[in-house]
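There are 2 protein chains.
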Amino acid sequence: MQIVIDRHSKVPIYRQIVDRIRELIVSGTLPEGFRLPPERRLAEALGVNRSTVLTAYRELKAEGLLHAHVGRGTSVHAPVQAGGSVRDSGAIPWKQLFREGASHRQDPVVRDLLELTERRDVISLAVGLPAPELLPLPLLTTIFDSLVEEAGPEILLHCPTEGHTPLRETLTRWLATRGIACTVPETLVLSGSQQGLDLMVRALVDPGDVVVVEEPTYVGILPVLRTAQARVLTVPVDHDGMRTDVLETILARHRPKLIYTLPTFQNPSGVEMSLTRRRELLELAARNQVPILEDDPYSELCYDGSPLPSLKALDTTGQVVYLSTLSKVLFPGMRLGFMAGPRPLIRTLALLKQGVDLHASSVGQRLLDRFIRDGHYEPYLKTLRTAYAERRDTMDRALNAGSIPGLAWTKPRGGFYFWCRLPKEVERSRLLAEAADTGVAYLPGDACFAEPPADTFVRLNFSYSSPEQIGDGIERFLESVRRAMRTSRTQIPHQIGTKPVV
Amino acid sequence: MQIVIDRHSKVPIYRQIVDRIRELIVSGTLPEGFRLPPERRLAEALGVNRSTVLTAYRELKAEGLLHAHVGRGTSVHAPVQAGGSVRDSGAIPWKQLFREGASHRQDPVVRDLLELTERRDVISLAVGLPAPELLPLPLLTTIFDSLVEEAGPEILLHCPTEGHTPLRETLTRWLATRGIACTVPETLVLSGSQQGLDLMVRALVDPGDVVVVEEPTYVGILPVLRTAQARVLTVPVDHDGMRTDVLETILARHRPKLIYTLPTFQNPSGVEMSLTRRRELLELAARNQVPILEDDPYSELCYDGSPLPSLKALDTTGQVVYLSTLSKVLFPGMRLGFMAGPRPLIRTLALLKQGVDLHASSVGQRLLDRFIRDGHYEPYLKTLRTAYAERRDTMDRALNAGSIPGLAWTKPRGGFYFWCRLPKEVERSRLLAEAADTGVAYLPGDACFAEPPADTFVRLNFSYSSPEQIGDGIERFLESVRRAMRTSRTQIPHQIGTKPVV
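Line by line, the protein sequences are chains Y and R. Counting along the first sequence from 1, when you hit position 123 you're at 123 in my numbering, and nothing is skipped either side. Counting along the second sequence from 1, when you hit position 162 you're at 162 in my numbering, and nothing is skipped either side.
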């Protein structure tokens with residue numbers, strides 16, 4: 001990327017940079033996805049102030065020519081008309097054809113997070129993954145070999161849409177030990193618990209229908225609701241979980257198709273809904289005949305004592321649909337989840353699923369079934385709990401060591417995440433660039449809100465990285481926070497060749 | 001199931017049977033899904049005419065208390081109100097809450113087919129599966145072991161939504177050898193090719209939008225279009241494939257969002273669209289700016305000579321979206337497919353996919369990538385072609401040996417299926433029961449039509465079963481056909497205790 005600055009020009013330097021980069025994008029020299037150098041490096045290369053480059057990038061973002069991505073900083077978002085061959089643009093005006101809900105303007109945050117999994121140059125505190133080095137790979141390999149031995153090529157073939165029957169039986173027994181009584185026909189094996197969200201919304205939600213979610217909420221529910229063109233109403237989460245008093249006011253005015261909640265060690269906030277709130281939620285939902293979708297991927301990962309009973313375990317009227325996954329701790333990449341709910345619902349979801357992807361991975365289902373049946377699951381969980389508790393404590397200490405005034409968080413009792421409120425002086429977009437620059441990735445809190453919050457939050461994962469990486473990563477993150485404070489700009493002393501542009 | 005017949009009653013015997021079974025269902029004694037004995041066996045047990053039982057079952061089906069399923073014959077479809085506990089029926093009136101497109105009244109035919117995979121008592125000519133005994137399981141196990149060795153636990157983690165990058169590179173090279181030029185960002189790895197249908201329709205189709213499909217068409221596209229509440233217009237297939245003259249009349253009146261075609265060894269008809277028709281289709285679609293979704297799972301399985309070039313290979317305007325799978329011949333149960341299309345479309349589909357299931361199986365993608373990269377794919381395909389050609393010829397001979405007048409089929413040059421038109425005298429519902437009775441499963445042709453056809457068709461698969469099973473299965477099938485002919489009823493000689501009821 002060649003940029004020549006004319007220090008004698010009347011055109012401000014930041015404007016010269018904007019014009020040159022725009023030219024390179026529109027001519028196709030910088031293709032879609034091309035990563036621009038971090039602001040600091042470009043500034044050094046050009047011998048200009050960092051804030052000058054920051055302003056230039058910001059302007060190009062406003063023009064829609066650049067994108068800021070989690071963990072990658074800033075990259076080119078080339079308009080289709082620019083530099084596109086016939087093959088690229090096509091005879092078909094695709095953007096005119098897309099459904100409103102499937103707009104290409106969807107927030108790509110989940111996709112961006114997953115792209116990080118192929119990056120080696122970043123400490124990722126962003127993705128919600130288990131610790132790779134703790135995964136029971138040798139054991140899974142042994143089970144795989146014995147499945148090959150016993151069942152032969154059948155393991156590669158199709159299986160029923162609702163799931164491999166022995167696994168469904170195993171799941172009902174597993175659920176029973178968690179206080180959830182259900183029969184095999186009340187279960188559905190999913191291609192990842194994300195699919196449970198999608199199927200539920202597809203079964204119930206017409207455009208304009210109201211769906212209630214927590215604020216903040218799981219980042220992956222939002223694209224599903226946008227695709228369905230749902231009207232999303234939010235209920236704030238405090239230290240006791242979803243605020244049932246706010247829910248009550250919503251239910252007084254609306255009849256939602258669904259209440260979506262993640263009551264135990266919530267993603268992203270780490271909050272555990274109190275028992276009182278759980279009962280209030282159930283009572284409110286029952287009185288208004290609104291189904292509850294309970295997403296419960298983390299209750300097994302409780303580091304101090306035991307988790308509270310699930311909503312489903314407390315449910316006496318059959319209104320709670322339970323969604324979980326065991327593969328989060330075993331093999332998230334194999335995409336397995338499951339649901340438990342009333343039969344008319346499960347039947348309808350299965351009929352949808354036949355058109356969506358036929359069924360979940362046969363091999364994965366058999367592996368999971370045998371892993372649990374052979375008694376490996378509980379001992380493995382114990383190992384995880386010990387290791388993750390240590391990582392959580394490491395992250396807590398590292399955050400404390402930073403001593404940044406205005407940075408606030410609560411140490412969670414379980415789950416995968418710290419949820420931090422940042423000092424008011426932090427600029428969100430600048431933090432993203434700074435973090436990419438220092439080589440650390442986090443999930444921007446905005447992604448967990450249906451509408452951008454006033455405060456700045458970040459979600460930091462402590463399960464994936466080693467304690468050493470966590471220490472290092474938090475150090476980098478805190479350094480980025482310091483640099484991204486509005487006040488820090490006054491510390492930049494030198495201006496080269498032109499007046500300050502900001 | 002206890003049924004007592006009173007031969008001295010004035011109530012006709014068939015009516016006594018209806019009343020008793022209804023009572024058993026409504027009381028909850030026969031639960032949802034309970035399989036009723038085949039008509040023949042119940043008739044023998046009760047000492048009554050088979051047609052009496054047939055009539056009773058038919059009446060119960062009309063009442064919605066029984067269902068006829070592929071490969072299982074007849075089972076109980078208990079109404080939710082009947083025999084349901086509070087847990088079953090729930091406080092939530094689920095059926096009132098479902099979207100119109102997600103109705104529980106969807107045709108469960110794909111789900112029913114997949115359920116067959118756990119049945120051992122039926123010769124399945126129904127499911128489109130590869131021959132289990134030919135699957136390269138030892139080779140795949142070796143590759144799996146070396147992946148574990150090389151990449152470690154990473155193989156169990158997430159991967160990018162668009163797919164594991166090395167696999168996408170491999171796929172572009174594979175596509176290039178099939179005359180399809182595309183770059184990595186123009187590819188998308190899917191959780192099975194079924195997902196490609198679902199994502200395309202979700203991206204493009206609003207309720208009421210027109211989609212053109214072939215008649216007959218792939219059974220799995222229909223639930224997708226029903227869920228989307230699309231208006232489905234059909235174009236008949238003749239020996240040269242989709243009738244472009246009929247398509248032209250449709251395009252004169254409508255502007256479809258999509259033309260869906262399976263031009264090479266079509267599922268179910270086995271027909272290969274001629275080169276002339278391919279060019280006509282491309283020309284028509286280009287003139288009207290309608291995208292074509294080309295589904296091409298079978299062109300690799302050509303048993304005589306080479307397949308014609310794909311529509312995508314002939315496409316000069318970028319209007320064809322190519323959908324295929326290599327896992328159909330390797331491991332259908334691991335759910336892998338892929339698409340190649342213009343970047344704006346692929347980007348939008350990836351944004352949808354992030355909410356649908358995050359990404360396709362990481363392990364499966366790595367297995368497939370290595371299998372192709374290491375050069376195993378082509379030799380394996382050769383083995384399959386030889387074996388499947390033999391099975392195809394076996395099925396052709398067995399059908400010929402039956403000498404049933406009015407039974408018509410064409411031996412296909414490739415793919416997985418024979419498509420048979422049955423004699424006009426055959427009763428469809430009776431054939432299903434007869435086939436279940438003799439222990440053979442086929443796909444009823446009706447399932448491949450958006451609206452029930454006048455003639456009766458069946459799809460018979462020749463890839464899954466061994467040549468011996470094919471011989472045996474076709475014999476059973478032909479016997480069922482003979483029994484299901486309307487004329488055959490006159491051959492039943494004895495009537496017991498009451499007048500004939502039909």
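Since the hints were derived computationally from the structure, they do not count as laboratory data. Among the hints, a few may not be true.
To be verified - Estimated spans, in silico, between C-beta atoms of each pair:
(1) Q96(Y) / D304(R): 40 to 46 angstroms
(2) V26(R) / E390(Y): 57 to 63 angstroms
(3) V26(R) / K382(Y): 48 to 54 angstroms
Note that CB positions come from ideal geometry on N, CA and C, so glycine has one too.
*With respect to the beta-carbon atoms only, verify the hint that Q96(Y) and D304(R) lie 40 to 46 angstroms apart.*
holds, 43 angstroms
*V26(R) and E390(Y), beta-carbon distance inside 57 to 63 angstroms?*
About 59 angstroms separates the Cβ atoms of V26(R) and E390(Y), which means 57 to 63 angstroms holds.
*Check the following: the C-beta atoms of V26(R) and K382(Y) are separated by a distance inside 48 to 54 angstroms.*
holds, 49 angstroms
Hint compliance for this structure: every hint is met.
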